[in-house]
Structure formats: C-alpha cells, structure tokens
Amino acid sequence: MRDVRRRYLLFTLHRDGPPVPEKALVSEIRKQLLSLYGELVVADSKLYLNEYQQKSGIGILQCSEKSLHKVIAAAAVIGMIDATSVSFEPRRISGTIRALKKKLELT
Amino acid sequence: MAIDLNVRVPSEVDISHFLSMAKKLGFVGIAAMGTKAPYLNGTEGETVLVNRAEILETSLKAVKRSAMRLRMKSTIVALPLRGIEVANWAAEDSRIDLLTLTEPLNEYKLRPTTAKLAAASHTALEVPVLPLLHTTGLVRARLLKSLRENTKIAVNAGMHIVLSSGCSVPIHMRSPMALSHIGLLLGLDIKEAKRAAFEYPHTIVSSNLKRFQSEYLGPGMELVREEDNK
Chain U
1 MRDVRRRYLL
11 FTLHRDGPPV
21 PEKALVSEIR
31 KQLLSLYGEL
41 VVADSKLYLN
51 EYQQKSGIGI
61 LQCSEKSLHK
71 VIAAAAVIGM
81 IDATSVSFEP
91 RRISGTIRAL
101 KKKLELT
Chain F
1001 MAIDLNVRVP
1011 SEVDISHFLS
1021 MAKKLGFVGI
1031 AAMGTKAPYL
1041 NGTEGETVLV
1051 NRAEILETSL
1061 KAVKRSAMRL
1071 RMKSTIVALP
1081 LRGIEVANWA
1091 AEDSRIDLLT
1101 LTEPLNEYKL
1111 RPTTAKLAAA
1121 SHTALEVPVL
1131 PLLHTTGLVR
1141 ARLLKSLREN
1151 TKIAVNAGMH
1161 IVLSSGCSVP
1171 IHMRSPMALS
1181 HIGLLLGLDI
1191 KEAKRAAFEY
1201 PHTIVSSNLK
1211 RFQSEYLGPG
1221 MELVREEDNK
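Quick mapping for you: the protein sequence lines, in order, are chains U and F.
Just so you know, we're using my numbering here: the first sequence kicks off at 1 and counts up by one.
Just so you know, we're using my numbering here: the second sequence kicks off at 1001 and counts up by one.
Chain U extracted, bound-state conformation (with noise of 0.2 Å):
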C-alpha cells in the first residue's frame, strides 16, 4: 500500500529568454520551497518532474498531496531561472498521471 499520496501538476513555464533546463526548473523550484517552508516540506513533496518539453515549457509535476499547494506557491514566486525570465502557470491537476498525459498530448 502506498504511504503517500500523490498528485500531478500540469504546468506552463512561459520565458522571456533561452529555454529552462530542467534540472534547472526543478532545483529552482526546491529551492523556493526551501527558502519558503523550510526543509522538512522539501523533504516530504517528494518532488520530481515527470515529463518536461523544454522547447514549449510545458510538463508534468508530480509531488504529494500534502505538500501540492505549497509546491505550486513556490513555482510561482520564481521570477528568473539562470539568465531567462519566467512565469509558471499551473494550468490542471490530477491525482493520476494519464489524465494528464492524455491532455499534453492534446497540447
């Protein structure tokens, strides 16, 4: 039985600028939540970046329920990644991931 449970974020980072890595996007993320909540939120998000198109910056964030919010609070307080500017725009979530899929393949 799983212990935590999970729900999936359907985002667009729009930029200004190169596109985001994402590495990038998802260390800039954590470290906002870090400097927003502190490190026991960072450890319990179980945050990780299922699918990401660099090109468009559209992707699929995967984090637990429990910490969802605070997770999309941070996203959005992100103002520059590297040398691009960038807005986060949580646009769906899910508690499963082909749902998701299903519309980012639509997109």
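No lab work stands behind these hints: they were computed from the structure.
Here are the in silico distance ranges between beta carbons for each label pair:
(1) F:E1103 to U:P21: 32 to 38 Å
(2) F:E1199 to U:P19: 33 to 39 Å
(3) F:M1001 to U:S94: 19 to 25 Å
(4) F:A1141 to U:D82: 21 to 27 Å
(5) F:E1226 to U:G95: 51 to 57 Å
(6) F:N1156 to U:E105: 45 to 51 Å
Ideal placement from N, C-alpha and C gives every residue a C-beta, glycine not left out.
Given chain U's structure and the hints, the job is docking chain F onto it.
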C-alpha cells in the same frame, strides 16, 4: 473570469504584448495604467481592456480633487496606502475601488479602523505580488511579514482582498491560479484566495463599467425604459 487589475504599460506599443500574455495565462481582461490609449474601457479582441488610475497626491484636499476627476474617466481608481487621514477618507469614499499596498511596506500599515470603514463601503485591499518575485531570503521574509499582517487585518475586518501582478513587463504577469496560490502565502484560505484572484476583480470591473453606460443613473438606479415623447 479573472482580470488582472494592476498592469503598468510603459508605452502604447507594448499593450498588445500584455494582452497576448493575459490571454495565454487565462485572464479575460486587464486594467492597464500608464497609457492613454483611446480604446481603453472596451474590448480589444477577446480580452477586456480597461484603464486604471492611481491617486498619487498625499494631501487630503488634492486627493479629493483627483478622485473626482479620475472617477469620471477611469474604470479602476486605486489609492496607495500612505497617510492615515487620506486612507480613512478613501476607505469610506465609494469612488475609490482599491487601497493598494505599496512599498515601503514597513512604513504604512492598514489600521483595523480603516479596514472596517473600507469593508462597509466595499473598498478592497489590493496586494500586488511583483515584489515577491524579485526578493529572496530575509528581504522576502520581511516583505511577507508586512503583507501577511495587512492581509490579516483586512480579512478580520471583512474587507475583500484583490491579488494583482503590478508588473511592467508581460513575463512578470502571473496566471490567476498562480495568484491564488500566492494568496496562500499571504495567509488566505484557499476559498478566499481563489475569490481574490478570480471573483473580486471581475465584480469590481463589471460594476464600474456600468457607470459608463448611458442607462446608469446612480448606485442601484438604472434607466430601464424610456417613453417616446411623440
């Protein structure tokens, strides 16, 4: 049906960039400031574009004069939260839509009495989120402290909170869903945060746009039918 009530457009040329970004992010409209575009207070494509004015005067006499002048031509009239006397007057006056939290935040604080007056006259507290995007660490912690304190005072008094971007470049705009989650950082609960991003801005704009219609006579009064004088 979200509208970003605080977009600072540097020049008329840039307005199309803001409109396209707003559409991408899911806004149905923006309230732009800093441009004298003739098509303001109307619909530009599919996005509603209204103008916003800010009263920058500090003396009460000058503020009253500006409020009268700006109300006639602006859909949104906002007053940055500064002196107590001016804030109390604005909180009671129905011509002022928003009391805006502006920097330096530690100098001016919303008082519970002002918040009660504002709640009674449906004046909302506007929180621009832009400063949160440019700060980190201790500076952001101080900023959050001020924003959370002011938000708590407003919510306790029954004032509506409006979340806006306050941006002057399109990429600093945040989607309504992102704004509502930033509302959680300010201490709002999820329902109130959603209202602050989606519902309250739209309500303010739609009720103010009615003022510009020819049928509008006054608050609660509207010309429904006119008899022909033949």
